[in-house]
Amino acid sequence: MGEEINRLLSQIDLEIDEIDLYGYDIIPISLSMVHRLQDILTNLRNQLQTYVFSSKEEEISFFKKLRFSFNRLIDKA
119 MGEEINRLLS QIDLEIDEID LYGYDIIPIS LSMVHRLQDI LTNLRNQLQT
169 YVFSSKEEEI SFFKKLRFSF NRLIDKA
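Sequential numbering of the sequence shown, starting at 119, is according to my numbering.
Everything labelled a hint here was simulated from the structure, so no lab data went into it.
Among the hints, erroneous ones may be present.
Label pairs and their calculated CB-CB ranges [what the hints assert, rightly or not]:
#1 Pro146 with Arg185: 28 to 34 angstroms
#2 Leu132 with Ser173: 31 to 37 angstroms
#3 Leu127 with Thr168: 17 to 23 angstroms
#4 Ile147 with Phe171: 34 to 40 angstroms
#5 Arg185 with Ile134: 14 to 20 angstroms
#6 Glu177 with Tyr140: 41 to 47 angstroms
#7 Ser148 with Ser187: 18 to 24 angstroms
#8 Ser173 with Ile144: 42 to 48 angstroms
#9 Glu175 with Leu126: 19 to 25 angstroms
Think of the CB as a built atom: it goes at the ideal place given N, C-alpha and C, for glycine as much as any other residue.
Make a model of the complete structure from these sequences and hints.
Right, here's the structure in full:
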């Protein structure tokens, strides 16, 4: 699960880096990115609801890392 999260975050990072913040189409591009992120987060939530962690420690560690990763992504945007 952690590898998939890292892959998703890397993909999102690349997509954000490709956005031309000074271009004329920033509003439609931003809106499409919001929709894309909503889809990604919905899929992630669905996967997490069915995923079984091997231990409570693994689950706690996963969510600590996940929170840090998403905070980094939000700070970048």
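Item to complete: Go through the numbered hints given earlier and state which of them the structure violates, listing their numbers in rising order.
Response: No numbers; nothing is violated.
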